[in-house]
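> Just need the whole structure built from these sequences, with the hints factored in.
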Amino acid sequence: MSARVTVTVRVNGRAYERVVESRRLLVDFLRHELQLHGTHVGCEQGVCGACTVLLDGEPVKSCLMLAPQAHGRSITTVEGLAGRSELHPVQQAFRDAHALQCGYCTPGFLLGAVALANRGVALEGVALREELAGNLCRCTGYQNIVEAIERYLRQAAGGRRDG
Amino acid sequence: MQVKETFTVSAPPAAVWKFFEDIERVARCVPGVQSVDVLGPDRYKVLATQKVGFISATFEMATQIESRDPLRSLALASVGKSVKGAVGNLRSKDRVDFEPTPEGGTRVTLTSELAVGGMLGALGHKAIASKSKEITEKFAQALQAELRADETGR
Amino acid sequence: MDKLPWLGASVKRKEDDRLLRGSGRFLDDVEETLALHLAIARCPYPHARIRRVDATRALECSGVEAVLTGEQVVARTEPITVLRPFPGSAPTVFHGMAHEVARYEGEPVVAVAAVDRYVAEDALELVDIDYEPLPHVVTVEDALRPGAPQLHATVPSNVVVESTVRAGEPDRRLADAAATVEGTFRINRVSGAPIETRGVIARWVEDTSTLELVSSTQTPHLLRAQLAHCLRMDETDVRVIAPDVGGAFGLKIGVYPEDIIAALVAIDTGRPVKWIEDRTEFFRGAAHAREAVHALTLGADGAGTLLVLRDRYLIDLGAYHGPLGPPLLTSIMLAGPYRLHDALIHRRVVLTNKVPMGAYRGYGQAESNYVREVLVDRLARRLGQDPADFRRKNLLRPDELPYKNVSGVTYDSGDYARALDLALSRVGYETFRARQKECRQQGRHVGVGMSCYVEFTGYPSSAFLGRTGARFGAYESVTLRMDRAGRAAISTGVSTFGQGTETTFAQVAASLLGLDPGDVAIHRGDSQGTPYSVGGFASRTMIAGAGAIEKAAGQIRDKMLRIAGHILDVDATALEATAGVVRRRDDPSVHVSIKRVSESAFLGHPLPPGEDPGLEATAYFDPPSSAFGYGTVVAQVEVDPRSGEFALQRYVLVHDCGTQVNPMIVEGQVQGAVAQGIAAALFEELVYDRDTGQLVNGTMVDYFMPTAADLPAFELDHLETPSPVTPFGIKGVGEGGTIAAAAAITNAVCDALAPFGVELDRLPVTAESIWRALARARAKR
Amino acid sequence: MKPAPLEYLAPSTAEEAVAALARFDGNARLLAGGQSLVPLLSMRLLRPTAVIDINGIPGLDRIAAGDGVIRVGALARYSALEASATIHERVPLLARAVPFVGDRQIRNRGTLGGALCHADPAGEMPLCAVTLGARMRIVGRTGRRELDAEAFFQGPYTTALEPTEMLEAVEFPDGASTEAVVVEHARRHGDFAVVSVAATGLPVPDGSWRWIRIGLGAVSDRARYARRASEGLAGTRLQPADVDAAAARCLEEAEPASDVRASAEYRRHLVPILVERALGELARRRQ
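Residue numbers (the numbering used here), protein chains in the order written: chain V, 717 to 879; chain W, 629 to 782; chain C, 26 to 806; chain E, 440 to 726.
One or more of the hints may lead you astray.
Heads up, incomplete: computed chain E residues facing chain C, CB under 8 Å, no partners named [said to hold, decoys possible]:
| id | residue |
| --- | --- |
| 1 | MET440 |
| 2 | GLU446 |
| 3 | THR581 |
| 4 | ARG583 |
| 5 | ARG627 |
| 6 | GLY629 |
| 7 | ALA701 |
| 8 | ALA703 |
| 9 | ARG707 |
| 10 | ILE712 |
Among chain E residues calculated to face chain C with C-beta under 8 Å, some are [said to hold, decoys possible]:
| id | residue |
| --- | --- |
| 11 | LYS441 |
| 12 | ALA443 |
| 13 | ARG510 |
| 14 | HIS708 |
For the record, the hints were derived by calculation from the structure and aren't laboratory data.
Backbone N, C-alpha and C define an ideal beta-carbon position, used for all residues, glycine too.
Here is the structure:
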């Protein structure tokens, strides 16, 4: 019981341990303690989804968690998707479909899409749009994002079948 | 938001007016008021806690008597901010009007205009409206009770 | 050979790689050692006297390093200048912080700087501010009432400016008109609401006594000019850097109070100072837009020829002129794409106790399009004409262009009716009426609505802006420099906020220099090392920027040809630069690589006699004229006349933005703008409570930005009429998609509910507003 | 905005959690999914001394059937409800309501118990609880108690929980063969309901319905079970006259308020429309 706590967490496969104030939001922990700036803050009100990360593989909003809640958990941020040179297939799909403009909301969408692929869900159209409703984009009008994710999910499903 | 409450007591305006001269006693009729300190002539510090749903806040307010029209009306203005619970600011303008009734009693009209600032005001907008109505109603009831106690005690 | 190989190519964006990897560098990603973080106390009331500020207890907090009050700010700074004031406006003194009186909920009153934002917010709770609430006013109608609370001593009437534009003989035409229709329209107050809020980092550089400001801005150079003025500094002692900007949409133009606050605290403490706007501050501090009330009248003759337009409108400015000023384009574009000679436009800009108005994509044009196109439909109905026929008859024909409209601006080119016809054909308009009738018999109410627009893109010239009182020019500039590896770099003061400028600038330069766009680097958004720039707004960047690139690249290319000619011993006039080489036009086997030419330029040898070393040019381009995009939106809806609920079934937009540098990016811009158009038309509104004067929905929870599930798939098509007046025939495209949305959807709903005689006259259009309009229509019958 | 300073505790049993609540004398908050709590902390509308994270209490998220009830642990997340065959088959109303809640990320974190304790008058979980007549199992310092859902909700964001009590589980009647419908009107996808209606019932082979229950959301200071309307539908075949009568009775039970989403008048207008829609959908489900 303390206003400061030790947080041990795996992020993108790497183990971190930090002592932080217990009130610190997970998103601030990731950005300013771990210097992983790819996770963005858009509202701190749990609406925009720019701070979406994968918590043990499932998308959550990191502005809606306190850092100590991540203790002992595994987190994936956008920095964990691509290799050094190649983009991750979902990133490539976004680039090909011009599914990003200012790029601020993009990491949140990417992680949501990856979680869908991991669940083996190949959604499209309205069903996919509903699945994406936890992420706001102000630049694209969503159309190209939907197209990019449809393409990526089809590809991911195909890859699994082939594999 | 404006809330208005009217009630009648059998005491004449002069007696009611006298009661209202004792602001500390009046303030204690407001639900949630914890303390009243005199800061100076017609200036008071009021500490009050209000709760709406899961949100509660203790406000420290500077209350000032803005105008007095003996036997007829009294106007107060309060401004303050929360010192505990939800962060927020509060201001209210309250006016009490007294009218003699044909039966020799007094018709008391409370008019309260309340505004809660900051996120608290924005989020609690609706809840605060019903809350301030509730506070004014309870205030009116408490005043009546005090005034009637005075009457019977006399 | 294609003369401009990369123009018109859907090149993948240069920006994407870093943004996709999460390695873009947005404002809050810039971490400074020993930085202080600001939290700002904002006036919780719409209008209040600040009787006393006591920050003693806050300063005693561990971790708190400085406090700044309004009194200090007012003493040490000049008020914020207005970049584009309405001509003749009375001044409204707007400082970086309120002193004595605050005039809107959210106006900064005190700032606390601490080692961390959490601590700064803790300390903020300990600042004692003694407010005396003053009477407030939050609607333009209330502001105009006799005895209304007055915001500024300089503006006794709350009207900062009132002016009239008159063309022809509007009164006579109105008297002559066989049919007139009138409407009073309320346009909602909305926010551009980029996903990245505003933010700033200020650094005082002791060695050089200069200030560095990193700011999430669209206009680094204009921000620098305004900030230097406020701080009483020389412009050259201020450097402004825009990092990656997470959306802007007009909201991030010019200097804001927080820029000034951060700068002062940095100067005082000598430490870097960071302020990141949180979303609750955003809704109470970043520019609001669009709110206006129009009383519009249109008149036509019996045959359906549009004769006259009269509009009296009120713009709700908020409490001050913001850094940009209210929209001027509303009146300039009121006549739209129609043949019209007679008009009377009366406008007043009115103060209210609300956040100062600023720009939002489609600034002014979305407003005028909405009121005009909705009323055009009513006029057509009044005349018993089909709204498409009515429009077709009155739209300007290609042979009538260029055409000077009633407000004096000249439309350059296009085929307006073709866009309308194409859009209509996409929804099968010819057969739609029959289908609509069948549906009605089955109790289903479907409707189609259309809205035609012409769009002012770019500015006509710096001289034009000067005549209308603007404090900036119409130009853009670049420095273009080759390196020894034969690659190019463009330095531009324009920042990147999603519009793809890095890619499109590279495409233009690559086309002119014979390079691949991948070989053109873009250094952007830093006032140091870039020539004076105006910035990215008003759909002007591509037009003005392409002109500057064309000039600079032309100079470099000519020099490359001269050097290559020297190397190859060929006359330079016989050479061309293409695909990485300079070669003989008539014998490509005679060539030298651009890399080799560049090497010569920077080694200084071999060079033609008298030729200076280097391959570098700076060019400014001032567009001689504006280009006018145009288009038509056709929307199809189905409405439930009992509940007012409706579905936006189809949304078709056909537009023309002239030459498209990158069709993929153009399409993306249009899609994004359409979404914002629909958002403002159907979802969003900043609501103020009239009694308390407070914003009641200042969170993302209550400000209804649409999600992917709330928008239909858009159907886009385009025409391509190169503008005769701009470089490469480019017209701007950033804003067009927002302009026609509200009217098209409104008209579609009214069309669906025509049997009930429903008229809609406010935004946003919601199920409830339709239900209310239905009730009004039923009551009328 | 950022949360005010707070202490963080992670008890491993319900008893420890309740003891911690008592220790902080009403100035501590339980943290379940945190999807409503954390933004309130960030906006400093709540400044508790401590936050007691109950996510580490084993078994608190269990979904189990038995004794004629489906018992759902307070910590069961929406995503678990979505994925649970037991919920789909035996508490179908809950399964139909969950997709209306927030969005994917919210549903991955948000919990049934958290939503019930938050007691949002427009919330789907309180709506389901009152419509189904759920029993709330509460643990306190001195032991356990049970409350009917209707008694649990006492006003806007107000429940019958004492400051030192914790909701441990919710028991829904086992509705294995019932049909269920949720209809909503909202300003945008996943947004709080302007009006929501839940309806559930058991189709009987003779063509009639048994145990029809209707619930109303966002039209009162708390989620409402429309008792009179529901009782009036005993043995109905959901013919138009019955549906109209039920809709009219629901309207009588609605006392909506105005807010930024809709006016009270419009909410009143929507109530019968949505009730008819819900019952119509219910009737279609038996086919």
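> Now tell me, hint by hint, if it's right for this structure.
Each hint tested on the structure:
1. MET440: Hint holds; MET440 (chain E) Cβ to chain C Cβ min 5 Å, cut 8 Å.
2. GLU446: violated (15 Å)
3. THR581: Cβ of THR581 (chain E) sits 37 Å from chain C, so the hint is violated.
4. ARG583: violated (35 Å)
5. ARG627: holds (5 Å)
6. GLY629: holds (7 Å)
7. ALA701: Where the cut-off is 8 Å and the nearest Cβ of chain C is about 6 Å from ALA701 (chain E), the hint holds.
8. ALA703: violated (11 Å)
9. ARG707: Because about 11 Å separates ARG707 (chain E) from the closest Cβ in chain C, which is outside the 8 Å limit, the hint is violated.
10. ILE712: For ILE712 (chain E), the interface hint holds, since the closest Cβ of chain C sits about 5 Å away, which is under 8 Å.
11. LYS441: For LYS441 (chain E), the interface hint holds, since the closest Cβ of chain C sits about 5 Å away, which is under 8 Å.
12. ALA443: holds (7 Å)
13. ARG510: violated (32 Å)
14. HIS708: It holds, given that the least Cβ distance between HIS708 (chain E) and chain C is near 6 Å, below 8 Å.
Violation of the numbered hints given earlier is confined to hints 2, 3, 4, 8, 9 and 13; the remaining hints are satisfied by the structure.
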